[in-house]
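Colleague: Below are the chains, spelled out letter by letter.
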Amino acid sequence: MFTNEYFPMLIQLVFALGFVVLVLVVTHLIGPSRKTENKLDSFECGIESKGNARLPFSIKYFLTAILFVLFDVEVIFFYPWATNFKELGLYGFTSMGIFVALFLLGFLYLRKKQAFKWE
Amino acid sequence: MDLLFLLDKSVIAFVAFAITLLIATYSTYAERKIAAFLQDRVGPDRAGPFGIFQPLADAGKFFFKEEIIPNTSDKFLFIIGPGIAMLTALMTSVVIPWGDTLEIAGRQVSLQVSDLNIGVLYVFGVVSLGVYGIMIGGWASNNKFSLLGAIRASSQMISYELSMGLALIALIMMTGTLSVKEIVDQQHGFWHNGWFTWNFFSQPLGFILFIVCAFAECNRTPFDLAECEAELVGGYHTEYSSMKLGFFMFAEYINMFISSAFMASLYFGGYNFPFMDDLGLSQNWITIIGTIVFFMKIFAFIFFFMWIRWTLPRFRYDQLMRLGWQYMIPLALINIFITGTVILLRQP
Chain C
255 MFTNEYFPML
265 IQLVFALGFV
275 VLVLVVTHLI
285 GPSRKTENKL
295 DSFECGIESK
305 GNARLPFSIK
315 YFLTAILFVL
325 FDVEVIFFYP
335 WATNFKELGL
345 YGFTSMGIFV
355 ALFLLGFLYL
365 RKKQAFKWE
Chain S
9 MDLLFLLDKS
19 VIAFVAFAIT
29 LLIATYSTYA
39 ERKIAAFLQD
49 RVGPDRAGPF
59 GIFQPLADAG
69 KFFFKEEIIP
79 NTSDKFLFII
89 GPGIAMLTAL
99 MTSVVIPWGD
109 TLEIAGRQVS
119 LQVSDLNIGV
129 LYVFGVVSLG
139 VYGIMIGGWA
149 SNNKFSLLGA
159 IRASSQMISY
169 ELSMGLALIA
179 LIMMTGTLSV
189 KEIVDQQHGF
199 WHNGWFTWNF
209 FSQPLGFILF
219 IVCAFAECNR
229 TPFDLAECEA
239 ELVGGYHTEY
249 SSMKLGFFMF
259 AEYINMFISS
269 AFMASLYFGG
279 YNFPFMDDLG
289 LSQNWITIIG
299 TIVFFMKIFA
309 FIFFFMWIRW
319 TLPRFRYDQL
329 MRLGWQYMIP
339 LALINIFITG
349 TVILLRQP
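Line by line, the protein sequences give chains C and S.
Taken in order, the first sequence gives residues 255 to 373; the numbers are from my numbering.
Taken in order, the second sequence gives residues 9 to 356; the numbers are from my numbering.
No lab work stands behind these hints, which were simulated from the structure alone.
On a predicted model such as this, the values are computed, not experimentally measured, just so you know.
A hint or two may mislead.
To be verified - Here are some of the chain C residues that sit facing chain S, going by a computed Cβ distance under 10 Å:
#1 Tyr260
#2 Leu267
#3 Thr281
#4 Ile284
#5 Phe322
#6 Phe339
#7 Phe347
#8 Tyr363
As the list claims (entries may be wrong) - Listed below are the simulated DSS-like cross-link pairs for lysine-lysine, each with C-alpha atoms no more than 27 Å apart in a straight line:
#9 Lys293(C) <-> Lys73(S)
#10 Lys83(S) <-> Lys304(C)
#11 Lys73(S) <-> Lys289(C)
Note that CB positions come from ideal geometry on N, CA and C, so glycine has one too.
Sequences and hints are given; from them, build the entire structure.
Modeller: Rendered as structure tokens:
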């Protein structure tokens, strides 16, 4: 069990998690604590803050996230193909060519729809 | 046997962990000194000779500062945000081969915490989790500037992750493996069969795409729009103080160190160096020299990161997105096509 290649990763996780938690707890304990009403206000250039930050924001960011999900799935398809590329030879190359052509078609459509345009 | 293996791995993991933290701490010093050098200033010189204790003083100050959690913030998420950022930054170093194998008392000890056969994918997975740290931290602050910084950072990071993945595919096609250790071993020496063995010389375009994405993923200038102080006060960490701010900062420097190590391993031969077989030294000496060479390559990349920071101005957000989506992705696809054609033509 210990010789499993994922086991050392767990050791690293223990170190990393231990460090993060320990440091957060220690700084919480040893730092001074002199809280005032103004200090705990959110900082917005010194002007009194209006409302909270749970505001609607530009749809472009959401669109980027959606496009990322679509394209990232396609990128993941490339990985097993790339690892076996030399064995697959010309057959693999042409099949992937067709896949990339479809990928590019979607990409060009998005470009035409100005999905990548930020004012 | 099992216990010895466990001991080896624990020691390597601990040493790698300590070195990562040390280098991240001293990167702040290097950054200030290099900035000073490039701008014809002296830089920090008060704490100790040449100011070499400055990072320790800074770290101490981070510990003893008052911890401020704003009233309006989401307390739980506010605390775990920087924790996630730091944790993911520390976890990526697992698959980096710090050196070849050492022979200690008849056993072969590999200087790598874990040789995962999906190493490259593992790094991508962990790096994309890092986005959550920034996003959660910025959102939980309940501050408009933090929120803007966080959504800017996350949409920038996911955009460049795509081109980063595509840029690496051409390399994977050449090497035929996802294990970082195997990729490094394939680049043994420097010159073989009339061409360089280091992947940079066969994948120059891929490397350029990769390094641009690495800059964007680490939120370094010219892509540091997430903490664009002229527009966003401090960006996603405006509300943070004490060690939680420190975590965000250290995570950035650790990411820079790890991506330098990653670039050195994938494209510049990792621990391999020219004429390593002609020296006639024993395996252990070659490994030790190799590790030193590897760190020299990493430091060269870190210096490059800092050099760029003090040379180039920041992009505008629309320019950043245009570069990421409209130039990097098609270029990466062209690179894959060229690589595929060349590999097929050279096959018997």
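Colleague: Given threonine 281(C) as an interface hint, is the shortest Cβ-Cβ distance to chain S below 10 Å?
Modeller: 4 Å, holds
Colleague: Does isoleucine 284(C) hold up as a contact with chain S if the rule is Cβ-Cβ below 10 Å?
Modeller: At 6 Å from the nearest chain S Cβ, isoleucine 284(C) passes the 10 Å test, so the hint holds.
Colleague: Is the interface hint satisfied for tyrosine 363(C)? The criterion is a beta-carbon contact with chain S at less than 10 Å.
Modeller: 13 Å, violated
Colleague: So if I understand the rule, the pair passes when the alpha-carbon distance is 27 Å or less; does lysine 73(S) with lysine 289(C) pass?
Modeller: Holds, at roughly 13 Å.
Colleague: What's the verdict on lysine 83(S) and lysine 304(C), does the C-alpha distance respect the 27 Å limit or exceed it?
Modeller: Given pair lysine 83(S), lysine 304(C) holds - Cα atoms ~20 Å apart, limit 27 Å.
Colleague: Grab the minimum C-beta distance from phenylalanine 339(C) to chain S and call the hint holds if it beats 10 Å, violated otherwise.
Modeller: Because about 4 Å separates phenylalanine 339(C) from the closest Cβ in chain S, which is inside the 10 Å limit, the hint holds.
Colleague: So, as I understand it, the hint says phenylalanine 322(C) touches chain S; can you test that by seeing if any CB pair is closer than 10 Å?
Modeller: 4 Å, holds
Colleague: Is the interface hint for phenylalanine 347(C) satisfied, with its Cβ closer than 10 Å to some Cβ of chain S?
Modeller: Holds. Min distance 5 Å.
Colleague: Checking hints one by one. Is tyrosine 260(C) an interface residue toward chain S, by the C-beta closer than 10 Å rule?
Modeller: 7 Å, holds
Colleague: Lysine 293(C) and lysine 73(S) were given as a pair; does the straight-line alpha-carbon distance stay at or below 27 Å?
Modeller: 14 Å, holds
Colleague: May I ask you to test the interface hint for leucine 267(C) with respect to chain S, counting a Cβ-Cβ separation under 10 Å as satisfied?
Modeller: 7 Å, holds
In summary, the one numbered hint that this structure violates is 8.
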